[in-house]
Amino acid sequence: MSTFPKNAWYVAATPDEIDEKPLGRTICNEKIVFWRPEAGKVAALEDFCPHRGAALSLGYVCEGNLVCGYHGLQMGCEGKTVAMPGQRVQGFPKIRAYPVVEKYGFIWVWPGEPALADTAKIHHLEWAESPDWAYGGGLYHIHCDYRLMVDNLMDLTHETYVHTTSIGQKEIDETPVSTKADGDHVVTSRFMDNVMPPPFWRANLRGNGLPDDQPVDRWQVCHFHPPSHIMIEVGVALAGRGGYNAEPKDKVYSIVVDFLTPETDTSMWYFWGMARNFNVKDKALTAQIKEGQAKVFAEDTAVLEAQQRNLLQWPQRKLLLLNIDAGGVQSRKVIDRWIAAEQPAKLMA
Amino acid sequence: MSTFPKNAWYVAATPDEIDEKPLGRTICNEKIVFWRPEAGKVAALEDFCPHRGAALSLGYVCEGNLVCGYHGLQMGCEGKTVAMPGQRVQGFPKIRAYPVVEKYGFIWVWPGEPALADTAKIHHLEWAESPDWAYGGGLYHIHCDYRLMVDNLMDLTHETYVHTTSIGQKEIDETPVSTKADGDHVVTSRFMDNVMPPPFWRANLRGNGLPDDQPVDRWQVCHFHPPSHIMIEVGVALAGRGGYNAEPKDKVYSIVVDFLTPETDTSMWYFWGMARNFNVKDKALTAQIKEGQAKVFAEDTAVLEAQQRNLLQWPQRKLLLLNIDAGGVQSRKVIDRWIAAEQPAKLMA
Amino acid sequence: MSTFPKNAWYVAATPDEIDEKPLGRTICNEKIVFWRPEAGKVAALEDFCPHRGAALSLGYVCEGNLVCGYHGLQMGCEGKTVAMPGQRVQGFPKIRAYPVVEKYGFIWVWPGEPALADTAKIHHLEWAESPDWAYGGGLYHIHCDYRLMVDNLMDLTHETYVHTTSIGQKEIDETPVSTKADGDHVVTSRFMDNVMPPPFWRANLRGNGLPDDQPVDRWQVCHFHPPSHIMIEVGVALAGRGGYNAEPKDKVYSIVVDFLTPETDTSMWYFWGMARNFNVKDKALTAQIKEGQAKVFAEDTAVLEAQQRNLLQWPQRKLLLLNIDAGGVQSRKVIDRWIAAEQPAKLMA
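Protein chains in written order, with UniProt numbering: chain E, 1 to 349; chain C, 1 to 349; chain H, 1 to 349.
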């Protein structure tokens, strides 16, 4: 049984990663080379030269083709060999091409059946296009099943314990969450009224010109969209001003952006970031938030990798499903449905 | 077939390793977290949170409980969850607790059947409790079956070749050993009369105010006790003063302390040290002896790890059993008896 | 099916590698220790002490014997234990001895059936013995099947792409190769007339006092001899002076020396070097050529290791065989014949 759907758009890279040289990256167990046939375009092929099996990602781009760095075979975007010095290439076998698109500031790849790829299925990301928002983020490679990260992000109770010095606070624990699923969209919410803001939020309050020493209303609204994209609305408003619905001038509001891309069954690419709709021109603030988030998210890495090792050692062991786990449980149900939908139909008896 | 008995006390750690934070360590293939519920007490549990499989060793201790660093589940010493924020924990499955005790300056764990654990089975270590003795030691992690180290220590012929510049001397080779087994206690002895002391012993003679340029009588008496504890009486006396039985003023006498703890079938924790009953207040001497021993014992590591690789590559190959190997052979027989005693009884035909 | 013949002479080491200490090295999946029983002699044995399996390569040589660094067992050249302190060794099992010889500035080993080893089978290397030649070279350890390197060297088209800044030039691509097999000897040739010399050859022209800014005739004649020795005649002559057959004063001519020795099925020892017959006393030139070649040949390493990873991931995938691959294809046929000849005869139906 697969651990991930393949008929889905995954974030494969950030645009700067393939600006000049090709990029070799494994996504959903597929070894893929990403490259730019021309400025602003992107192509994705199997990272395997049909001639002798060399890694195309070690090659270079020339006049719109990907040139194999071993014997100069030239690949077109569609996986067809278009030229090779001294050779007729018509009969060369095609290699696999992957649907790929650059959108919202990311490179998206579809590792499954190409005929089903439709860029309209990439769900809309308002913050990525609107001038009212600023974004900063990074990439971590983590040795764990990406679903452990789904569990992690769809329940922020762990902030109290994993992120004690930044965003954790005891009131997170003490406030129950509510989870609901609407089709493939899973939402887990927690609202904490009249609490003191932890350090990360105090810094953000200051970043928006608000006092950092007063009680606030704090919220966390985690949205899961398949295959594994999690957007978390987070923020604090000065207490009693309407909380989540307070006026912009009374709050700081951000979206924690998490694109989880399986590399293999037990490793993943973690594209993390934060979008905010206050003080958006302040690049120093963007850099400062990114740096803070990088530290916070690195704390999860050690926990999840140790958890993965434990699960590999005790594969049969049953885990608990508590109310705080409902977000992960519901999200995994969506994932399982997507995986099941990809299986070949079975004959009825 | 197991390579080690599990119904036995093994040294798991030194007390300083778990003074503040929990310690995660694999012993006999069991992933265990060691922690202190209160000063002077120690507890050992499976390193697996029953909630989602996180490593408990990444957590911390709070008010006598081990707090999981992921979601704040609190574990008691017996492996029962005692609390978790916002949860009823009565129905949580217990995790395994291991008998554990602090004694003689070490943390001892019993990785097998808890009902059989009896601290009276830890054999008495006079040097660890008496003010007439001083002790210093360290810990090495070695990639070899712990039984290769049993072989190594129950025959010190190798000192001539492995430890040429410290404790080796040609007379070791030339002097036959005598091995006898008394129940589970195996003893291999070698007595060398009227030899010049090698560098390590010359330093010790000076450390006890004795001349280092005269012939000595030297002895090595290796004691094996199951599961894998080896105490080696070593020393030199000025020649002709009675050797092993000479007056304290005429000799230097130490006990080489070796607790061999299997980590996996092909790796081990090596708790090594030396106890001496001369000049016991001299801490600089203790440090100097420890430093010398650390270098000597590191020399064994390379030899044993290469031997382990060879044995893995040629698993069927027969080895020789010579008279110098008798100590290891007899000790392994005791180990095999202990392992066999743990096997479920077979039905008679 | 084996990937290499064992009844063959392979280069195992350069003489300086075993001048003082023994050398442990795996050749064709055999763990071997090489050592010198006396100056100018070399012996090769299984790297496995018959006593307890210690690695003999960790030992030392004493009075013509290899002394095990664990318990002092002494091995003779033929794999018989000749002495051990306090032991009668007559009954000790022999370990395997490998035919080994020092010739042409290399240590050659025969990992197969000793009775078939005949040093006359080492093919003659004129450049290694004649004072008219100078030689410099090095050793790389590469994680790939040695046959990928055979492919690489028996077709130099890759120079255009892999070695763009040193020996590559577009005319290589544009000039067809000719391949012929004469028994076990495979030759692939390419002659390029009236081309500008690339940087590596410009430096060599200067090294021989010739102008470096004029057109040259360039040649590459690759000779494969089993099991996996490839000598490549390379050179350039001032254009129109006879090319390959030009007078020595009008050309620079070298032999690229490649001894490919399998370590395992997917790793190899690469003994590379260059012999030249011009300006042979100039040691600075020898060093300079070696340094340049080291850089060039390191470029192949990354390509071949990535290719090996790809082939391991897609083992069933068919590769193309183009005309440029003929040299590798023909050479592999010879290798396959040699491997087949070693298989036990099958009964006829």
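Errors might be hidden in some of the hints.
Note: identical chains are not told apart, hence a pair may lie in one copy or across any two.
[Unchecked claim] Think about it this way: if two alpha-carbon atoms lie no more than 20 Å apart in a straight line, the pair counts; the simulated DMTMM-like pairs of lysine to aspartate or glutamate are:
1. K80 - E233
2. K249 - E20
3. K103 - D212
4. K31 - E305
5. K180 - D250
6. K295 - D336
7. K290 - E17
8. K283 - E342
9. K249 - E299
10. K283 - D336
11. K41 - E342
12. K318 - D212
No lab work stands behind these hints, which were simulated from the structure alone.
Outcome of the hint check:
Taking CA atoms no more than 20 Å apart as the test, K80 paired with E233 passes in neither setting, with 44 Å inside one copy and 36 Å between copies. For a Cα distance limit of 20 Å, the shortest separation of K249 from E20 qualifies neither inside one copy, at 42 Å, nor across copies, at 45 Å. With identical chains, the CA atoms of K103 and D212 are never at most 20 Å apart, being 36 Å at best within one copy and 52 Å at best between copies. For the homomeric pair K31 and E305, the shortest alpha-carbon distance between copies (15 Å) is at most 20 Å, but the shortest distance inside one copy (23 Å) is not.
For the homomeric pair K180 and D250, neither the shortest alpha-carbon distance inside one copy (28 Å) nor that between copies (83 Å) is at most 20 Å. With identical chains, the CA atoms of K295 and D336 are never at most 20 Å apart, being 32 Å at best within one copy and 51 Å at best between copies. Taking CA atoms no more than 20 Å apart as the test, K290 paired with E17 passes inside one copy only; the shortest distance there is 18 Å, against 36 Å between copies. Within a single copy, K283 and E342 get their C-alpha atoms no closer than 43 Å, and across copies no closer than 67 Å, so neither meets the 20 Å cut-off.
For the identical chains of this complex, K249 and E299 are neighbours neither inside a copy (32 Å) nor across copies (58 Å), given an alpha-carbon limit of 20 Å. For the identical chains of this complex, K283 and D336 are neighbours neither inside a copy (40 Å) nor across copies (64 Å), given an alpha-carbon limit of 20 Å. Taking CA atoms no more than 20 Å apart as the test, K41 paired with E342 passes in neither setting, with 29 Å inside one copy and 54 Å between copies. Taking the shortest Cα distances, K318 and D212 never come within 20 Å of each other, neither inside one copy (43 Å) nor across copies (65 Å).
Against the hints set out earlier in the document, violations occur for numbers 1, 2, 3, 5, 6, 8, 9, 10, 11 and 12.
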